[in-house]
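J.: Protein sequences, first through last, are from chains A and B. Here this note's numbering is used: the first sequence runs in plain steps of one and ends on residue 491. Here this note's numbering is used: the second sequence runs in plain steps of one and ends on residue 491.
Simulated from the structure, these hints should not be mistaken for lab results. As the structure is a prediction and not an experimental result, all values here were calculated from the model. Hints may be right or wrong, so weigh each one.
Below, a list of computed lysine to aspartate or glutamate pairs in the DMTMM-like style, where the Cα atoms sit at most 20 Å apart [said to hold, decoys possible]:
hint, chain 1, residue 1, chain 2, residue 2
1, A, Lys-47, B, Asp-109
2, B, Lys-57, A, Asp-109
3, A, Lys-428, A, Glu-466
4, B, Lys-113, A, Glu-116
5, B, Lys-98, B, Asp-109
6, A, Lys-47, A, Asp-232
7, A, Lys-113, B, Glu-10
8, B, Lys-199, B, Glu-156
9, B, Lys-47, A, Glu-455
10, A, Lys-113, B, Asp-339
11, B, Lys-113, A, Glu-46
12, A, Lys-57, B, Glu-447
13, B, Lys-314, B, Asp-339
Quick look at which bits of chain A chain B covers, simulated, 3 or more residues with Cβ under 8 Å [said to hold, decoys possible]:
hint, region
14, 59 to 65
15, 118 to 124
16, 147 to 156
17, 237 to 244
18, 367 to 379
19, 391 to 405
20, 434 to 444
By construction, the Cβ of each residue, glycine as well, lies at the ideal position given by its N, Cα and C atoms.
Number of protein chains: 2
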Amino acid sequence: MYKKLPTRAENFSEWYNELVKRVGLAENSSVRGCMTIKPYGFAIWEKIQAILDHAFKETGHENAYFPLFIPKSYFTREAAHVEGFAKECAVVTHYRLKSDAETNQIIVDNEAKLDEELIVRPTSETIIWHSYKNWIQSYRDLPLLINQWSNVVRWEMRTRLFLRTTEFLWQEGHTAHATQTEAEQEVLQMLNIYADFGKDYLAIPFLKGVKTEHEKFAGAEKTYTIEALMQDGKALQAGTSHFLGQSFAKAFDVTFTNQAGQMDYVWGTSWGITTRLIGALIMAHSDDKGLVLPPRLAPIQVIIIPIYRTQEEKAAIQQQARIIQEQLRTHHIIVKFDDRDEHKPGWKFAEYELKGVPIRLAIGPNDLANHTVELTRRDTSEKIVIQANQLVGQVIQLLADIQNNLYQRAHQFREANTYAVNTYEAFKEAIAQKRGFILAHWDGTTETERKIQAETKATIRCIPLEGTPEPGKCMYTGKPSKQRVVFAQAY
Amino acid sequence: MYKKLPTRAENFSEWYNELVKRVGLAENSSVRGCMTIKPYGFAIWEKIQAILDHAFKETGHENAYFPLFIPKSYFTREAAHVEGFAKECAVVTHYRLKSDAETNQIIVDNEAKLDEELIVRPTSETIIWHSYKNWIQSYRDLPLLINQWSNVVRWEMRTRLFLRTTEFLWQEGHTAHATQTEAEQEVLQMLNIYADFGKDYLAIPFLKGVKTEHEKFAGAEKTYTIEALMQDGKALQAGTSHFLGQSFAKAFDVTFTNQAGQMDYVWGTSWGITTRLIGALIMAHSDDKGLVLPPRLAPIQVIIIPIYRTQEEKAAIQQQARIIQEQLRTHHIIVKFDDRDEHKPGWKFAEYELKGVPIRLAIGPNDLANHTVELTRRDTSEKIVIQANQLVGQVIQLLADIQNNLYQRAHQFREANTYAVNTYEAFKEAIAQKRGFILAHWDGTTETERKIQAETKATIRCIPLEGTPEPGKCMYTGKPSKQRVVFAQAY
Numbered sequence: 001m002y003k004k005l006p007t008r009a010e011n012f013s014e015w016y017n018e019l020v021k022r023v024g025l026a027e028n029s030s031v032r033g034c035m036t037i038k039p040y041g042f043a044i045w046e047k048i049q050a051i052l053d054h055a056f057k058e059t060g061h062e063n064a065y066f067p068l069f070i071p072k073s074y075f076t077r078e079a080a081h082v083e084g085f086a087k088e089c090a091v092v093t094h095y096r097l098k099s100d101a102e103t104n105q106i107i108v109d110n111e112a113k114l115d116e117e118l119i120v121r122p123t124s125e126t127i128i129w130h131s132y133k134n135w136i137q138s139y140r141d142l143p144l145l146i147n148q149w150s151n152v153v154r155w156e157m158r159t160r161l162f163l164r165t166t167e168f169l170w171q172e173g174h175t176a177h178a179t180q181t182e183a184e185q186e187v188l189q190m191l192n193i194y195a196d197f198g199k200d201y202l203a204i205p206f207l208k209g210v211k212t213e214h215e216k217f218a219g220a221e222k223t224y225t226i227e228a229l230m231q232d233g234k235a236l237q238a239g240t241s242h243f244l245g246q247s248f249a250k251a252f253d254v255t256f257t258n259q260a261g262q263m264d265y266v267w268g269t270s271w272g273i274t275t276r277l278i279g280a281l282i283m284a285h286s287d288d289k290g291l292v293l294p295p296r297l298a299p300i301q302v303i304i305i306p307i308y309r310t311q312e313e314k315a316a317i318q319q320q321a322r323i324i325q326e327q328l329r330t331h332h333i334i335v336k337f338d339d340r341d342e343h344k345p346g347w348k349f350a351e352y353e354l355k356g357v358p359i360r361l362a363i364g365p366n367d368l369a370n371h372t373v374e375l376t377r378r379d380t381s382e383k384i385v386i387q388a389n390q391l392v393g394q395v396i397q398l399l400a401d402i403q404n405n406l407y408q409r410a411h412q413f414r415e416a417n418t419y420a421v422n423t424y425e426a427f428k429e430a431i432a433q434k435r436g437f438i439l440a441h442w443d444g445t446t447e448t449e450r451k452i453q454a455e456t457k458a459t460i461r462c463i464p465l466e467g468t469p470e471p472g473k474c475m476y477t478g479k480p481s482k483q484r485v486v487f488a489q490a491y
Numbered sequence: 001m002y003k004k005l006p007t008r009a010e011n012f013s014e015w016y017n018e019l020v021k022r023v024g025l026a027e028n029s030s031v032r033g034c035m036t037i038k039p040y041g042f043a044i045w046e047k048i049q050a051i052l053d054h055a056f057k058e059t060g061h062e063n064a065y066f067p068l069f070i071p072k073s074y075f076t077r078e079a080a081h082v083e084g085f086a087k088e089c090a091v092v093t094h095y096r097l098k099s100d101a102e103t104n105q106i107i108v109d110n111e112a113k114l115d116e117e118l119i120v121r122p123t124s125e126t127i128i129w130h131s132y133k134n135w136i137q138s139y140r141d142l143p144l145l146i147n148q149w150s151n152v153v154r155w156e157m158r159t160r161l162f163l164r165t166t167e168f169l170w171q172e173g174h175t176a177h178a179t180q181t182e183a184e185q186e187v188l189q190m191l192n193i194y195a196d197f198g199k200d201y202l203a204i205p206f207l208k209g210v211k212t213e214h215e216k217f218a219g220a221e222k223t224y225t226i227e228a229l230m231q232d233g234k235a236l237q238a239g240t241s242h243f244l245g246q247s248f249a250k251a252f253d254v255t256f257t258n259q260a261g262q263m264d265y266v267w268g269t270s271w272g273i274t275t276r277l278i279g280a281l282i283m284a285h286s287d288d289k290g291l292v293l294p295p296r297l298a299p300i301q302v303i304i305i306p307i308y309r310t311q312e313e314k315a316a317i318q319q320q321a322r323i324i325q326e327q328l329r330t331h332h333i334i335v336k337f338d339d340r341d342e343h344k345p346g347w348k349f350a351e352y353e354l355k356g357v358p359i360r361l362a363i364g365p366n367d368l369a370n371h372t373v374e375l376t377r378r379d380t381s382e383k384i385v386i387q388a389n390q391l392v393g394q395v396i397q398l399l400a401d402i403q404n405n406l407y408q409r410a411h412q413f414r415e416a417n418t419y420a421v422n423t424y425e426a427f428k429e430a431i432a433q434k435r436g437f438i439l440a441h442w443d444g445t446t447e448t449e450r451k452i453q454a455e456t457k458a459t460i461r462c463i464p465l466e467g468t469p470e471p472g473k474c475m476y477t478g479k480p481s482k483q484r485v486v487f488a489q490a491y
């Protein structure tokens, strides 16, 4: 039997790390900062991919694939971009190894040194805009709506499974438009696709907003973000959508002939989400018994566990379980039947609780006699015994209820942990005692933002899009503020 | 209007390169040997992925993701593997860039040198078996059936779009088993999945066989291959499935307790296909007018082209075209309607012929009056005029016919270009004049194999699995031969 998980109250961070490993979602590899995503974790990523990929295609985007390597010189083209990105990255300098005759070891062949070093992509704006120059001539080539699913590498000093890893998986959309308005609409459209995905699938309410100048993407004119609140009161940036203006078009000389026959630079956007979303999913819903997964993203939605003493009982239950399995599958429910002899039912109950399977279906000899089954919800631990002939309808309803309940719970948690403060004293106290999303007035300067961060570790997560902006006075400097912004400590 | 493609007869190689670029399947990037896969080419890869991924899952495999980087020392663990793989590869030596104060350029920060260099994976056996050591303890953990879709890098000197690129996309299956028999069954199962995929989707007959010692995968005990014949008579290795024996288990110390309670090393397999399959698809079926795609892998299956003079005619045709589009979509047919005004019908006909769309559907004013449409097959250029109310059934039938015809054509081509020779003179003449698959006796030695290759550029593609082996005498040395093997010049 497993030893107990650390609880969230004891140590949220250890609870998270231990949970990820014990469930078998991912593990640290022997390569510094790089994780291995194990099958159960990857199955969640595959679902995220399938759903978002469909949403991207429905809105006219196509997938493509650009090279992993970017020539070093490309990074210097867009001045702000190089400042933000070209620092911590994996640099390929050689293209051959050889056996060393003296030591009999494999060493780098110094004769195979690249003329220009290659950077393993930390993001692909530069190499993609380099291509777009040749792909775009006329307004008829626009909009160009491309997405890429790929791996990227950013040499992170402190890493945590899913939340911050040197290599991670993501999607990066890169679009080019004839007009500013159209590009701005695209940026908001993709932000909304992410937010809807959060609500409908991850069961997480995402706060939509704009990043400050200090926090925006290097090379963007404006960065939109979706921010989630975790159970420990810290914020997590779950995705971003950037309005690039004409910055990359100018850096890579991407012009087009508009309908009036004039040359102009195109307008760009980029937007992405990463495997970090799996970290968000875990920290938003899970509890001290293990993972809690929203049914729409669960690799297994229903686990059937037989309870038997004799092999005769097992055989009779197996027969019934297979009928149930088939019924549920017909209704596109992902169901697994665990009839392994080597583990007792109690062990299996704990195992699938740990794995976050939304519904546990137990069948014992009494159930067979009474034509019943016992269903247990993972989110509330509530048990119900139902007639076997009502199973399909009940399971469908229960999956929908669980999905909805997780969202409501996360939404209530956010409501309960979002509050306004008016003084810096109250702000510091709130951050120290309960964290959460703190709405406060700020004078709009990077200087103040930095000071607050240095003193409290809280950053401005975003300038919220919703609600009516009301002016006030900066809690730190007393200078005028146009509206409250959202502060939090963040992952 | 486009200038004409080079013909296959004139210059097969130029025809291929030009076709790939002109269709917009892929292009060379500015990074040496790395290609950009453009949306139309990537859409074919997505179909290949979806179909194979489903077949892998149906046979119990799960996807996972292992790191891009492999510590240099891992390659030295398996002796044969390092000989075959650790030579030409991308080596990461540093993890930071910095601004050079003097030149104002971005340079590699020499203070950020890695203690141990990282290799960008050329294949993942080493890092995966390193993980498997911790994942496998008992026979209950077996079989372990894992697949990964990823990018890999091999520093190739001569590259060609899809066929051989420095970075390419692929899937790599890596499985571990309790017994030799089970591992061998897995190897053959995956080979058959590839061969069936070739027949049912790519419409290419794959020859199944075993690689010679000289040609097998570095680290495998036995490599199975599927070999395809291209229209220029050259062979293309389309996929491989390796029986690894216990070599990687021993190199990475992966042991398990078997049912009898004894410790043993596990048995391994690995198997993969790559974006090269898109090259095979192109070279197997396409013609001098452009791409010819099997309907089951075509990103667009039916293109509707309106023929009109006036805007009134256009409006009426549009209405009818949208009804047709909807009808076909209901039957899961991928259909596009090209009603752009800026191009004439003739231009569009040539465009979609170039793009290999299986069926062209044209509607003009007469068709409207007569309730007809005109269908043109891409594979035979045959035209039929049908009643609009018979459309769906006809299109479904036609797509199946085209799929089948492409396979039959490729099969007949292979039959016509496969022949036995008994003397080395006849062999040299055949290779020089018509290439193809040449069945010949060989004495089983690497020495002879190398000499024949040096003199004729032909390699042994495989020792075929089908047919009854008949002994004979090696065409080169006269020594005894157990059976004919398949020679060809290859990509």
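J.: Check each numbered hint against the structure and report the violated ones by number, ascending.
T.: 1, 2, 3, 6, 7, 8, 9, 10, 11, 12, 17, 18, 19, 20
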